[in-house]
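Using the hints provided, position chain H relative to the given structure of chain B.
In order, the protein sequences belong to chains B and H. When the letters of the first sequence are read in order and numbered with our numbering, they come out as residues 1 to 369. When the letters of the second sequence are read in order and numbered with our numbering, they come out as residues 1 to 444.
FYI, nobody ran anything at the bench for these hints, they're computed from the structure. Be careful, since some hints might not be right.
Below, simulated DSSO-like cross-link-like pairs (lysine-lysine); rule was C-alpha separation at most 30 angstroms, straight line [as the list claims (entries may be wrong)]:
1) B:Lys227 with H:Lys118
2) H:Lys82 with B:Lys322
3) H:Lys273 with H:Lys257
4) H:Lys296 with H:Lys239
5) B:Lys78 with H:Lys121
6) B:Lys144 with H:Lys118
7) H:Lys260 with H:Lys275
8) B:Lys363 with H:Lys48
9) B:Lys291 with H:Lys118
10) B:Lys265 with B:Lys322
11) H:Lys48 with B:Lys144
12) B:Lys232 with B:Lys71
13) B:Lys363 with H:Lys38
14) H:Lys41 with H:Lys52
15) H:Lys257 with H:Lys275
16) H:Lys41 with H:Lys427
17) B:Lys363 with H:Lys118
18) H:Lys239 with H:Lys260
19) H:Lys41 with B:Lys363
20) B:Lys293 with H:Lys118
21) H:Lys355 with H:Lys345
22) B:Lys78 with H:Lys52
23) H:Lys350 with H:Lys217
24) H:Lys239 with H:Lys300
25) B:Lys232 with B:Lys293
26) B:Lys227 with B:Lys322
27) B:Lys363 with H:Lys121
28) H:Lys427 with B:Lys144
29) H:Lys52 with B:Lys363
30) B:Lys78 with H:Lys48
31) B:Lys78 with H:Lys275
32) B:Lys144 with H:Lys52
33) H:Lys427 with B:Lys78
34) H:Lys427 with H:Lys345
35) H:Lys296 with H:Lys38
Covered stretches of chain B (chain H as the covering partner; in silico rule of three or more C-beta atoms under 8 angstroms from a C-beta of chain H) [said to hold, decoys possible]:
36) 93–107
37) 141–155
38) 297–307
39) 330–340
40) 343–350
Glycine included, every Cβ here is placed at the ideal spot set by N, Cα and C.
One-letter residues, chain by chain:
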Amino acid sequence: MIKSNPILICIAKYEQHEANLINQYNQNTGVIILNMKEVVITFLCMAILLYFLLGGADFGAGIIELFTSTKNRSRTRKTMYHAIGPVWEANHMWLIIAIVILFVGFPFIYTTMSVYLHIPLAIMLIGIIARGTAFVFRHYDAVKDDMQWLYNRIFRYSSFITALFLGIIAGSLISGHIDAQATDFYTAYISGWLNWFSVAVGFFTVSLCGFLAAIYLIGETTETHDKRRFIKKAMFMNVAAVVFGAMVFVAAQRDKIPLIDWVFKSQVGLSAIILASLSLMLLWYLLIKGKTKVLRILAGFQVTMILLAISYAHFPNFIRLKSGDSISLLETAGPDKTIYSLGLALLLGSVLILPFLGYLFYKFQKKEE
Amino acid sequence: MDDFIAARSQMALSLGFHIIFSCIGMVMPFFMAVSHYKWLKTNDEMYKNLTKAWSKGVAIFFATGAVSGTMLSFELGLLWPKFMDHAGPIFGMPFSLEGTAFFIEAIALGFFLYGWNKLNKWFHWFTGMVVGVSGLASGILVVAANAWMNSPAGFDFVNGQYLNIDPIQAMFNKAWFTQALHMCLAAFTATGFAVAGVHALMILRDRNTYFHLKAFKIAAVFACIAALLQPLSGDISAKDVAKRQPAKLAAMEALYKTEKPAPLLIGGIVNEKDKSVTGAIKIPGALSFLAHGNFKAEVKGLDQIPENEHPPVAITHYAFQIMVGIGTLLLFISLTYFFTLLKKKSLIEKRWLLKLFVLAIPLGYLALEAGWVVTEVGRQPWIIYGIMRTRDAVTPMPGIAYSFYIFTAIYLSLSIIVTFLLYRQIKMVPVLYDKVESNTHLHS
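Here chain B stands alone, though its shape is the one from the complex (with noise of 0.2 angstroms):
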């Protein structure tokens, strides 16, 4: 009957035409979804690792006022808000910027975060606001008086505790400690985070900050006096990282975490780590000169290395679960429409964002003259 009729059996071409296009598309669409999945965590790695480097040299400015004596702390203050003051608030937007990406794109990864992390994540936060506000107190009270000496007191510990708490979450998330069939409150919200390795991790972090931050206000400054105090900052702070640097990896060895696998036993893993030591090494070189002009890029291409040494071989797997399973940003992906939504809105954003951040950090930089 239908092969007889021949307005069906047009009807039916049609609908197999219409069908084969559907088809297409959906294959075409679905290249490109599959391409917004790695737009997608390609900006979440980079607002990290953006967050890591200039949120870190925020906190680790904080960080350097601690250590340093109180008749050379308002010469530094002074240094750091002429260096930070115009960018810090766009700074702290890289974390806003990953933790969008991670809940609207990854919302297991974010949500089993903020379970079991529950206590580091309200601590760091904590820190963010008190350090946050501080910060913009301690400047803008048209009275300085005594409320100074308070304002100062919060920014300089709230930034070392908001790096310490930083670190001790990136640390959880790979340490394999969380551990999501716990029964008691102990287990499920204490010792994902507070164990050795962690801890040693948000050390690591603590001394990274610091060493940015010095790194970063040595072009900030032009007084001789001044430039050789941040270059000695540097340097302890340099000291610091290389000696909390091999405590993450005993704390590793004794929560049994396979880090020298992941550092030594891949290709990227090792050239990360011996650029970042050979980089290390040029470093101390033209710190002991005096060049500081390339100083910054070594910095930061030196803690770039370090993360990507760390978290390549676990990559795509995002947290580490105590029972052995893995979450991974591949396979936890949210539903195809809405990465490929968060993908525009991203580079819809970048294309924004990039160039206005670009001409602020040119027009407020410090020529050396």
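Same frame as chain B, but now just chain H:
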């Protein structure tokens, strides 16, 4: 304290705190832009100083708003992980755009605050405008996300599964426009009246009168225009809520029984146990008209809604009364102010009008907070209206009460410090921004 109640309280506290700072952050830049523009056009130094004085306030509020906003983006997960598991991918679109808008705002603020003498003067002015426009865009986007919780869209809910997700459709849900409009006008009204009121107080005290008069005028005009438009927006919202969320409307008006025509209740004491209201003024048929545009229309009461889907009636009703009451009062102040402007009467002589503005300093924010209580408490027991209950979304972690206490202490101390800083800024006006010149002006 029950963990669920603690989580709700902490969320309410964080939002209630953040709203004030973000409103100031999104409205003040427009006041500054006007003042800045006047300086560029007239070369009157006083406008430059006014812009600078305001910008100090904005820097303080912006930073506080930014950190409390960062807090909120984490808090959604810390307190409501089961909600975010499903909702994140659906209503995330406005948040990802908001990230961009907020970022641009932060960059523009960097330019604006540190760009005096460093940038081309019109580019500098433009960056100030960018702060305002991107701030406003952020506000609208965040409200669109909240609107989705009231009016879920962009997915099919089949057997507990969230299917066919369309983030764009979710963003342009049915409530986004009415809510965003109402919120923006509220932000302008509240901030405008607060700023105008503070300057009115200084005029009354005869301190730097010219300086404060200029400031007062800019803020008051914005505030009064917004306050005049707000009832219209409120009417659109009421009709929208009547259609989408009859339970919320019934709670707002404490309408326990379906009535045709339904009276509008003003005030009154709600007894949730007896499901009755005593001592309210009743205007026959007025609720029918407000909700459906017809004095004889039927308005659905709470009796038509299953009891386990009732929002808390008393809180919603009282909050609604506070919002509308204050809105009406501000409307009258606005009309009086425009009448004075029309008659070209000197404001300094109209001390009673200035006193009214001083009275209105906290009122706009009070109405704004009350409005949020109506929206949020009126949505209960749902976190996604009709789909997911708030109770089912809460974090499994016990001991949230402690978190609530700690954050209460933090927000409380921040409020005290910010108020203190603002007080100092105002106190220092004669030293920093208006060095006695305007006073000698006035007395000579």
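Violated constraints from the hint list, given by number and in increasing order: 26, 31, 35, 38
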